[in-house]
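Q: Take a look at the letters that make up each chain.
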Amino acid sequence: MTSDEATLARLMCAAQAGDALAYRQLLGMAAPLLMRWFRRKVAPADLDDLVQDTLLAVHQRRASWDPARPFLPWLAAVARYRWVDRLRRARVRDADALFDDIAVESGEAALIGRLGCDRLLGMLPGPQAAAIRAVKIEGLSVIEAAARLGQSGSMIKVNVHRGLKRMAAAVDEDR
Amino acid sequence: MAEFSPNRQLEALMDRLAADVAPVQPLEDRPTMLVLVTLLLVAAVLMLAWLGLRPDLMAGQPHPMFLLRCGTLAVLGLVSVAAVLAQAHPGVGRSNAGWKVAAAMALLFPLSGAIMALDQPEHAMAMAGSASGWECLRMSLATAALCAVPMVLHLRRGAPVAPQRAGLLVGMAAGSLGALSYNLHCPYDSMVYTGLWYGLAVGIAAVAGRLVVPRLIRW
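For the protein sequence lines, the chains are A and C, in the order given.
First residue of the first sequence: 1, per this note's numbering; consecutive thereafter.
First residue of the second sequence: 1, per this note's numbering; consecutive thereafter.
Isolated chain A (complex conformation) (with noise of 0.2 angstroms):
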């Protein structure tokens, strides 16, 4: 079964009345969604983390979707909120962390990557948006992320605070 608008928005409608059943295969169908949407938007350690945090999200805001809206919206707006609140609260960690690629298939790619982080950090001016990649992301200290984007220290600061407020306000912005 694929994780199309029509088949998620049947299966959370049928969730929100009590189903058991269509209510995990559900979460089967966003759990790697999210993982897609989070893949290189977060440190590799905290993925798994936030993917568990935005399906108990889900869970406990569950009667928020209106069931004559889509559904994939709203799921993206949820995983953002948690996205970028997650990010506010990372700390700086290890420089080495490496990325583990997960191979995702790409089924209504267009419209799914649309409602993505990636967008969202998108709309980001550039050094805003690379500011909060090294140091929030990636991990970098805010020395080594000055060194590596040519930003002072303090600017790097600013940037990733900036960037972070903005991307909080626009959670649910699709330009």
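Hints should not be assumed to be uniformly reliable.
Claimed, not checked - Under the rule of at most 20 angstroms between Cα atoms (straight-line distance), these lysine to any residue pairs were calculated in the SDA-like manner:
id : chain 1 : residue 1 : chain 2 : residue 2
1  : A       : Lys165    : C       : Leu184
2  : C       : Lys100    : A       : Ala170
3  : A       : Lys157    : A       : Arg88
4  : A       : Lys165    : C       : Ser132
5  : C       : Lys100    : A       : Glu173
6  : A       : Lys157    : A       : Ala168
7  : A       : Lys165    : A       : Pro127
These aren't lab readings, by the way, just hints derived from the structure by calculation.
Given chain A's structure and the hints, the job is docking chain C onto it.
A: Relative to chain A, chain C alone:
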């Protein structure tokens, strides 16, 4: 999604969540809307019973300023309430910015008031010092606080992904509704008075909402 093999921990979580799934009623806007309308009506009736209706309304000949003020506050209130309720159901690409237009239109009042004040400084000072202005502010903000409650409760049951925007909207919506109800009593028709005191009422409510509400609705 064939190549994807999630880890055992994730599978276990999904099993647990599925086992735990109880039926939920999708969050609806209508009940909150009804509560708000009822609150507003009760507040207006109390206000009128206590303070009385404007003289021109008693006479059945409403002043143009009253009509314009009513209309602007009603539109701003309605549009912001709709925006608040929508914030509870997030969705990427669904941000509606209609409230910005409504707010810009409403800003014409303080703006015109300020221009008039430059032209008639004595009148402006009298309006700014008016004791009734403080009453206007107090009553509007008290009603606003009341109107904010159902909106905050609605957002707490929903999933607002932009808490600061939602907070600002709650403040603006509640402030407009509060001012709208006081407006039925307020006997002043001066542009300066309206721009200043109504502008303050909605502005203060919006700032308060922006500062206080995000803490109440974060998840």
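Q: Straight-line Cα separation of Lys165 of chain A and Ser132 of chain C no greater than 20 angstroms?
A: 40 angstroms, violated
Q: Is Lys165 of chain A within 20 angstroms of Leu184 of chain C, Cα to Cα?
A: 41 angstroms, violated
Q: Lys157 of chain A and Ala168 of chain A were given as a pair; does the straight-line alpha-carbon distance stay at or below 20 angstroms?
A: This hinted pair holds, its Cα atoms lying about 17 angstroms apart.
Q: Verify the proposed pairing of Lys100 of chain C with Ala170 of chain A, using a straight-line Cα cut of 20 angstroms.
A: Answer holds: Lys100 of chain C to Ala170 of chain A is near 15 angstroms, not above 20 angstroms.
Q: Is Lys100 of chain C within 20 angstroms of Glu173 of chain A, Cα to Cα?
A: 15 angstroms, holds
Q: Mind checking the alpha carbons of Lys165 of chain A and Pro127 of chain A for me, to see if they're no more than 20 angstroms apart?
A: 14 angstroms, holds
Q: Do the alpha carbons of Lys157 of chain A and Arg88 of chain A lie within 20 angstroms of each other, as the hint requires?
A: 12 angstroms, holds
In summary, the structure is inconsistent with hints 1 and 4 from the numbered list given earlier, while agreeing with the others.
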